[in-house]
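Take the two lone chains, each set in its own frame, and fit them into one complex as the hints suggest.
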Amino acid sequence: MSWELWAEKYRPQSLDQMINQTEIVERLKSFVEAKNIPHCIFAGPPGTGKTTAALCLAHDLYGKGYREHFMELNASDERGINVVRETVKTFARTRSIGEIPFKIMILDESDNMTSDAQQALRRTMERFTETCRFILIANYSGKIIEPIQSRCAPFRFSYLSREDHDRYLRHIIQQESVKILDEAFDAIFEVSGGDLRRATNTLQAAASLGRVIDAETVYSVIGRASPIDVREMIALAMKGNFIEARQRLREMILKYGVAGSDIIKQIHIEIFRSALPDQWKVKLAGAIGEIDFRLVQGADEEVQLSALLARLTEAGYELKRGG
Amino acid sequence: MHAAWIVKHKPQTLSEVVGNAEAIQKFTEWARSWDKRIPKKRAAFLHGPPGVGKTVCVEALAKDLQMELVEKNASDYRTAEAVQRFAGLASQYGTLFGGSRLVLLDELDGITGTADKGGVGAITEIVKAAQCPVVLVANNAYDPRFSTLRKYCLLVEFKKPTVREVMKHLKKVCVGEEINADEEALKFIAEKSGRDVRSAVNDLQALAQGKKRFVYEDVAWLAERDRKDVIFNVLRTILYSKDSWEAKKAVDAADMDTDMLFQWVYENVPYHLTDPQDLAKAMDALSLADIYRRRIRSTQDWSLLRYVLDFMTAGVAMARERTKPSGWIPFRFPEKIQWMSRTKAEREMQSAIGMKIRRKCHVSSVRAVKEFLPYIRIIFENNPEMAAGIARWLDLDETMVNYLAGRKG
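Chains as they are written, first to last, in this note's numbering: chain A, 1 to 323; chain B, 1001 to 1409.
Warning: the hint list may mix true and false statements.
[What the hints assert, rightly or not] Think about it this way: if two alpha-carbon atoms lie no more than 30 Å apart in a straight line, the pair counts; the simulated DSSO-like pairs of lysine-lysine are:
1) A:LYS179 to B:LYS1360
2) B:LYS1159 to B:LYS1026
3) B:LYS1242 to A:LYS255
4) A:LYS320 to B:LYS1242
5) B:LYS1336 to A:LYS239
6) B:LYS1356 to A:LYS9
7) B:LYS1324 to A:LYS283
8) A:LYS255 to B:LYS1212
9) A:LYS265 to B:LYS1336
10) A:LYS64 to B:LYS1324
11) A:LYS64 to B:LYS1356
12) B:LYS1360 to A:LYS143
13) B:LYS1336 to B:LYS1212
14) A:LYS29 to B:LYS1360
15) A:LYS35 to B:LYS1360
16) A:LYS255 to B:LYS1360
17) A:LYS143 to B:LYS1356
18) B:LYS1026 to A:LYS239
19) A:LYS89 to B:LYS1356
20) A:LYS320 to B:LYS1324
21) A:LYS239 to B:LYS1324
[Claimed, not checked] Computed footprint of chain B on chain A, listed as stretches where at least three residues anywhere in the stretch have a Cβ under 8 Å from a Cβ of chain B:
22) 238-245
23) 312-320
Derived by calculation from the structure, the hints in this document are not laboratory data. Glycine residues also receive a C-beta, built at the ideal position from the N, C-alpha and C atoms.
Chain B extracted, bound-state conformation (with noise of 0.2 Å):
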């Protein structure tokens, strides 16, 4: 059922690939040219950044043109030997049933090391003796191991393919997923990835499976994942720690926003200090250490921001005395980061109202929020005419007044 979408949506004819048209063309016609006789080149050297669809092409060709794929990765070039074992498999017969047959090396750039000495040699020896089609795939074309094998090979460059051709394909994998997804998230995804597919439809479905409808709010905390794994080593040392200075020392290290911080170990806290007792020391320890997030807003006096950290972090990590250590518990992303993210709009929706309520009211529009607002919208679910009045009355535009009266759009 939840199948990794990146294989599930993976392209299966060369059409459907997205971008590198030029790329593609090279490389078909000249898997075609040995339909005539066998090519100067007997390999192409398909190289580029990752995730841009090196594979994908080399796998929907041999699709397109009915060709048994023989594929081969970085774990098969250990040694010489290995490599020469699949090669007098491969590339020196035609298939029985007089097919054709593709060879794929792929992750060239895997062959690193001693271990792998000669491995290069091998596939150069490999590629001048080919007799069917043989296929390179590696980042780095140019790393200098490969200079003689590149003599040997027509060189296909891949490059990053545009935003556009990215959110593309993402909208293509949203149809399939039957979700109704709008075009600024699946923008914000494919910017994001900088340009990698791959990572792309692995944010999208960590981001959108299982919804109907995916929106912007959705995914503009992903702006915050680059830093993830910081974030996890940091929260890893609070919560794991039994050193203060420890797990002070840790914040320095991650160089990250306090209020972020904040709320990972807020959220995480209970699902790692399990102790009851454990669990109110810890929790009062985030209290207090909001008690002085609040005297700085006040005071505008930041040198109070170490208390902020001494209880954030060392009061979290000394709160652990009895909760017993249990299997890897998964950290999990901040909900209220979350929540206002995706109530975005909403909020700001009411924040307008807001406004409008205080020109009239004599109230602060956070007050006229909280104060005002629950009951207008009873209001207007119930009484239209005394809405009426009362949107006149506060200049309310039409958006406005279907917010409150519960109707969409």
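Pulled out of the complex, with its shape left as it was, chain A reads as follows (with noise of 0.2 Å):
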């Protein structure tokens, strides 16, 4: 028996198979028919098909050898400006052979690399256009020079439908002959929100288990793979004990491994849903979102989201105050 990971096996390999994103499916699909793309900036959430579009693209236009004229880089494992400099030049400066005369790069995760490197970056662009177009991929294009930006062609990828995301995962389903409850797709849904690569794996793991799966099943495969407990740590926080709600939120983020973006999003679930006056909870959602923009822009997960629990600790000081 052959056994990959689904995310990977399940993969679409041509713009047909991709069943999201359609506007941008119909335009790479121009491209192809024209034989000619753009630079493009690909942005959008994780696991909603940027890669994936790549790489499909790439096979469209080339057939069956197209490995040989694409190249990925990734920016989070590569990102020096040195790597630019050379690798990116060696393949960008030689031509093509074959009836499309340009190669395509795919810088991945290219709101990773420093803006010295995507100046860099920016010359080499600029300079093979000729004989090499680039297709840079990353979550936030605000993270991406604006010399670029408005060189590259902007695409814009959201979180899968719920249809899209049953549909996909039905398809899988099918496949692996897995045995599972309607019940479980909007457990899996609630947790990946339209993240597919989330949802994937999700399914896999949760497929592991070996028994029918069931919301349940699915809630405990997202408890062991990303033990998020807020509710807790907000209390510990509210309470005045921060120390110790701090050392909760290491373990979670150093221990588990689990994301900062989730963890933010849980507490501000968490608080809407708690019993705190309305007043506070907007006050709170300020704090939340201040926070969650600074996520965004790359800082420490753990120092920024203590910074949030120490402003529930004060948020809970100035409660019992009568505030």
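In structure tokens form, the structure reads like this:
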């Protein structure tokens, strides 16, 4: 039996197989027909098909031997300015052999490049436009410098709709003959929020338990993969025990690798579910939003979230004084 | 329960003392020669750097030869009279019961200043007239003050033991404490101590007490310890200064890595700024400092560093408005740094697996660790068949498979 990670095994190979982002896919298909593409930025949250779309585009454009014609670099792994200078240049300067006169360079997670590296990239993009087209993939296009943005066609990817999400999962379930209850789909969508990579990983981990997948199975997988317990952490902070609250936060982040963005999302939900006075909910939403924004800018998750915990400690104190 | 290990595991006989075999032999022969007649040199002058076992040797020798040890140290040398008092007591006569006596004058370096005038002279007189073996101990026997005294003494030089020898002693301590210690960890401590056994054992206790297993990751952060005092001074200023300029200046004096200092401040703020409003303000200042750190990373514009420093020093110092002063609160070592060094091996393993995933799944290794690893782990713990397939597909080696399945080794 051949087992792979389903997130990879069921990655669409061609634009025709992509089930979501229909408008984007249509535009990309028109590039294929014209046999020409501009430099592009694919921006959007994780698990929404950015890398897949780039790979499919290359596949459809070049056909069978498409791997010869594109190169994939991940800025998170090799983000130095020298990599851009050397690797990108070497690849970009040589002409492609075949019907299409340019190659494609896919720069994944390019919002992790330093601005110096981006400046170098900008010059390279200009110099080698004839022989190489760039697809920059990023979660936040805002972190890509203005001169590059203005040279690229922007594509904005968004989370999958519930319908597309379920359709994709059902395809896998059929192929892998997994037994699953409908309630499990609700559970998976609740935690994935339309991030297909997470949804697929969750599904596969749940399937590995070897029983019919119900909502509880899904929750137990999530609980183990990403144990977020913010309720108690919030309670500790508001009771004035900041140090213990920070300890909980550290455990989640350091020990279990829970993403800061997931933690803050959960804090936001919990605050509004809580019995706090409504004015306070709004006040705290402001604080949460500010910290969330700082996280998006790439600040340290533990430092930022513990600053938020300190705000909660302060709020708890003021509430007690009747403020 | 928490006796100092340096005392608890002190060598009881000369055979247990680490290193300095030659010196010990010379010293023992001299001491034994008293059995026959009073030797020409009535005192042995043990000298050498701190923590190499000079005093321990004297104590062990007294035990081995069943002699009564009369011990004096710096505070007893203050004046000539004080020296005379114990001189008369100890060196003129044998013990009441016919046993032999050994007089130890420790920490001779401690004789300083005018109050000790005559101190060294008096000791010289005691040595000249001694009726029982006298042992002098000092770091530097060649101090000009000792030039006359030296003539009447057998000089015995103690050298630093080798790293191996220090490790041997540490290992013995670990066995006594039922700690399973890695060679590498002990080696690090031995080297770090500058082959000072006393400081090595103290470090060992600080780091290993209460542990069953003691590994390299537990000690790696010790590399920073030399800077402890510097850090503590800076922290004190940042957390307690009422003057923003002074708080900023503290960092210049320290000349230390900003990220390291940030971790120290971040760790300690909540213990020292206990008022919730002060705490929130201080943590917000750190959050802003962190934002500027991030901006430096992405723009590589290091001139922004001044704002990082502003927020993490003055910003934190100015947060103190309501917190009531309390007693002495110890500074804590940044937990994150300890955690990072403790989990170094595990993180390396994760990143190696991340590299394998990256090759197949079009993600960076960093993201692979975050987004794939937790799920893969569940699969490996529960479904050997699926796990085996994935292991083959990703080309994982045996140690990786064992790690993912939660098996050791």
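A quick look at each hint next to the structure:
At roughly 27 Å between alpha-carbon atoms, A:LYS179 and B:LYS1360 fall within 30 Å of each other, so this suggested pair holds. Distance restraint check for B:LYS1159 and B:LYS1026: the Cα-Cα separation of roughly 14 Å lies within the 30 Å cut-off, and the hinted pair is therefore satisfied. A hinted pair counts as satisfied when its Cα atoms are at most 30 Å apart, and B:LYS1242 with A:LYS255 does not qualify at roughly 37 Å. Between A:LYS320 and B:LYS1242 the CA atoms are separated by roughly 29 Å; this keeps the pair inside 30 Å, and the hint holds.
The straight-line distance between the Cα atoms of B:LYS1336 and A:LYS239 is roughly 24 Å, inside the 30 Å bound, and the hint therefore holds. Annotation: proposed proximity of B:LYS1356 to A:LYS9 holds, straight-line Cα distance about 16 Å (limit 30 Å). Only pairs whose Cα atoms come within 30 Å are accepted, and B:LYS1324 paired with A:LYS283 is accepted, the gap being roughly 27 Å. Restraint check for A:LYS255 and B:LYS1212: satisfied, since their Cα atoms lie roughly 21 Å apart, inside the 30 Å limit.
Restraint check: the Cα-Cα separation between A:LYS265 and B:LYS1336 comes to about 24 Å, which is no more than 30 Å; the hinted pair holds. At most 30 Å may separate the alpha-carbon atoms for a hinted pair to count; A:LYS64 and B:LYS1324 exceed this at roughly 73 Å. Between A:LYS64 and B:LYS1356, the direct Cα distance comes to roughly 25 Å. Compliance with the 30 Å bound is thereby established for this hinted pair. Taking the CA atoms of B:LYS1360 and A:LYS143, the gap is near 27 Å; set against the 30 Å cutoff, the hint holds.
For the hint pairing B:LYS1336 with B:LYS1212, the CA-to-CA distance comes to about 22 Å; that is within 30 Å, so the pair holds. A distance of roughly 25 Å separates the Cα atoms of A:LYS29 and B:LYS1360; the hinted pair therefore holds under the 30 Å criterion. For the given pair, A:LYS35 sits about 28 Å from B:LYS1360 by alpha-carbon distance, which is consistent with the 30 Å threshold. Simply put, A:LYS255 and B:LYS1360 have alpha-carbon atoms about 26 Å apart, close enough for the 30 Å limit, and the pair holds.
For the hint linking A:LYS143 to B:LYS1356, the alpha-carbon distance of about 28 Å falls within 30 Å, and the restraint holds. With a CA separation close to 68 Å, the supplied pair B:LYS1026 and A:LYS239 exceeds the 30 Å bound. Only pairs whose Cα atoms come within 30 Å are accepted, and A:LYS89 paired with B:LYS1356 is accepted, the gap being roughly 26 Å. Annotation: proposed proximity of A:LYS320 to B:LYS1324 holds, straight-line Cα distance about 19 Å (limit 30 Å).
About 19 Å separates the Cα atoms of A:LYS239 and B:LYS1324, which keeps this hinted pair within 30 Å; it holds. Against chain B, the stretch 238-245 of chain A contributes 3 residues with a C-beta closer than 8 Å to a partner C-beta. That satisfies the three-residue criterion, and the hint holds. For the stretch 312-320 of chain A, the stated coverage by chain B holds: 5 residues have a C-beta nearer than 8 Å to a C-beta of that chain, and at least 3 were required.
Violation of the numbered hints given earlier is confined to hints 3, 10, 18; the remaining hints are satisfied by the structure.
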